[in-house]
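**Student:** Sequence:
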Amino acid sequence: MSQLPECLEIRPLQHPIDAVIEVPGSKSITNRALVLAALAEGESTLENALFSEDSHWCSQALQRLGISVEAEREMARFVVKGAGGRLPNPRADLFVGNSGTTARFLVAVAALGEGVYRFDGVPRMRQRPIRPLLAALQMLGARFSFEAAPNAFPLTVHAMGLNGGTALLEATDSSQYVSALLQAAPYARADVTISLTGEVVSEPYIEMTVRMMAQFGVQVERRDLRTYHVRAGGRYRAQRYAIEPDASNATYFFAAAALIGGRVRVPHLSAASLQGDAHFVDILEQMGCQVERGADYLEVRGTGQLRGVEADLNAMSDTAQTLAAIAPFASSPTHIRNIGHIRHKETDRIAALAAELRKLGARVEERPDSLTIYPSALQPAEIETYDDHRMAMAFAVTGLALGGLRLKNPACVAKTFPDYFARFEALYG
767 MSQLPECLEI
777 RPLQHPIDAV
787 IEVPGSKSIT
797 NRALVLAALA
807 EGESTLENAL
817 FSEDSHWCSQ
827 ALQRLGISVE
837 AEREMARFVV
847 KGAGGRLPNP
857 RADLFVGNSG
867 TTARFLVAVA
877 ALGEGVYRFD
887 GVPRMRQRPI
897 RPLLAALQML
907 GARFSFEAAP
917 NAFPLTVHAM
927 GLNGGTALLE
937 ATDSSQYVSA
947 LLQAAPYARA
957 DVTISLTGEV
967 VSEPYIEMTV
977 RMMAQFGVQV
987 ERRDLRTYHV
997 RAGGRYRAQR
1007 YAIEPDASNA
1017 TYFFAAAALI
1027 GGRVRVPHLS
1037 AASLQGDAHF
1047 VDILEQMGCQ
1057 VERGADYLEV
1067 RGTGQLRGVE
1077 ADLNAMSDTA
1087 QTLAAIAPFA
1097 SSPTHIRNIG
1107 HIRHKETDRI
1117 AALAAELRKL
1127 GARVEERPDS
1137 LTIYPSALQP
1147 AEIETYDDHR
1157 MAMAFAVTGL
1167 ALGGLRLKNP
1177 ACVAKTFPDY
1187 FARFEALYG
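Using our numbering, the letters of the sequence shown map in sequence onto residues 767 to 1195.
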């Protein structure tokens, strides 16, 4: 499906699913691998990389910093010639779109350089929080200036390298702050200790960063649940690196099997994944599905009959929309809690879910950090996607069980899964 219409009607599916779906590489792993390879000395090849808006902004920004990044889209790989922690260009104007990983990771990377680096993004990125990361970087010696609101994009990094030391970091809004500091830390002049304050959200993404840093040759010492220590002088090792399929994007296909019945297998994704969202299959198991966990695949088998669940999705909040999209079809209420931080994502995801589910006729209770969705008889409606890829992908699944569901701006899936709807067609057999 090369060009999507402004409004896409999802065809209901009248038979059980039997599909093997190849899911492109993980956005979270691709952007981390780009950063680690850029900081390494020498050439890295990143295999099964994701080519999407987010990885485009990350790779383009690295190039503007003077890092050689060759994109081989047809081969699904990037070839990165790392500069050993140096930023060859002393000045750069960087646009990050609405990519949170690019914004947070590269602000920290830019602080390692010697020069002046301006950052900006789309209007929503100017609203998304970054203050805690800037405050932590300032404790390590970074300097910033702002053009509009303080502690917000557009901002300029006045880089003179990072001194090291101890940084207190409030991790309530995003785990990306922690990952940004960790990835830059080995190249500071002295050891870096990161002490987290507040409630820590999306911890599996921090663990992903720690594990990937180890794969690239740098060990992080975790002294307790809130303290990380990185020794100065560590260096990332250039390498050939294989990127896992995107577990968050696999959830839509697993949810389709749960909702309609039948089976969906995603190869090359396992329960041992770097990605916490691979555990979404555990939620579907609680709802009544059978899950097969192979060494090199995950498979969900559904009957089309679902039970409601109580789900704390703090650790895998990108799956909240997936669960919400199938929750009205369950036989009992579904309560999704501890997700307040998703109000600061591409859109206010809690408010957006409540509004669109109600438009379909679902009974929904919205609270500051949770949603309760009740069994409901749904009706056709036109769904607003809020330029949020996960709204479009999740409600496409709803449309499989409901005739007449139409998605506005389905092309927003380009942020992390440009050919989502082409692969979605495989569900129809």
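Warning: the hint list may mix true and false statements.
To be verified - Listed below are the simulated SDA-like cross-link pairs for lysine to any residue, each with C-alpha atoms no more than 25 Å apart in a straight line:
id, residue 1, residue 2
1, 847, 882
2, 1174, 775
3, 1174, 807
4, 1174, 863
5, 847, 892
6, 847, 991
7, 1125, 1081
8, 1125, 1150
9, 1174, 1188
10, 1174, 893
11, 847, 1000
12, 1174, 1104
13, 1125, 1136
14, 1125, 1140
15, 847, 835
16, 847, 893
Said to hold, decoys possible - Between beta-carbon pairs, the in silico distance windows are:
id, residue 1, residue 2, range
17, 1045, 1003, 24 to 32 Å
18, 771, 932, 51 to 59 Å
19, 1062, 924, 46 to 54 Å
20, 1062, 807, 29 to 37 Å
21, 1008, 955, 31 to 39 Å
22, 1141, 1033, 27 to 35 Å
23, 888, 1195, 34 to 42 Å
Because the hints were derived from the structure by calculation, they are not lab data. Glycine is no exception: its CB is placed at the ideal position from the N, C-alpha and C atoms.
**Student:** Are the hints correct? Go through all of them and say.
**Tutor:** Evaluation of the provided hints:
{"no.": "1", "hint": "847 x 882", "in the structure": "holds (22 Å)"}
{"no.": "2", "hint": "1174 x 775", "in the structure": "holds (9 Å)"}
{"no.": "3", "hint": "1174 x 807", "in the structure": "violated (45 Å)"}
{"no.": "4", "hint": "1174 x 863", "in the structure": "holds (20 Å)"}
{"no.": "5", "hint": "847 x 892", "in the structure": "violated (31 Å)"}
{"no.": "6", "hint": "847 x 991", "in the structure": "violated (34 Å)"}
{"no.": "7", "hint": "1125 x 1081", "in the structure": "violated (28 Å)"}
{"no.": "8", "hint": "1125 x 1150", "in the structure": "holds (10 Å)"}
{"no.": "9", "hint": "1174 x 1188", "in the structure": "holds (17 Å)"}
{"no.": "10", "hint": "1174 x 893", "in the structure": "holds (23 Å)"}
{"no.": "11", "hint": "847 x 1000", "in the structure": "holds (18 Å)"}
{"no.": "12", "hint": "1174 x 1104", "in the structure": "violated (28 Å)"}
{"no.": "13", "hint": "1125 x 1136", "in the structure": "holds (19 Å)"}
{"no.": "14", "hint": "1125 x 1140", "in the structure": "holds (14 Å)"}
{"no.": "15", "hint": "847 x 835", "in the structure": "holds (7 Å)"}
{"no.": "16", "hint": "847 x 893", "in the structure": "violated (33 Å)"}
{"no.": "17", "hint": "1045 x 1003: 24 to 32 Å", "in the structure": "holds (29 Å)"}
{"no.": "18", "hint": "771 x 932: 51 to 59 Å", "in the structure": "holds (53 Å)"}
{"no.": "19", "hint": "1062 x 924: 46 to 54 Å", "in the structure": "holds (47 Å)"}
{"no.": "20", "hint": "1062 x 807: 29 to 37 Å", "in the structure": "holds (32 Å)"}
{"no.": "21", "hint": "1008 x 955: 31 to 39 Å", "in the structure": "holds (33 Å)"}
{"no.": "22", "hint": "1141 x 1033: 27 to 35 Å", "in the structure": "holds (34 Å)"}
{"no.": "23", "hint": "888 x 1195: 34 to 42 Å", "in the structure": "holds (38 Å)"}
The structure fails to meet hints 3, 5, 6, 7, 12 and 16 from the earlier list, while all remaining hints are met.
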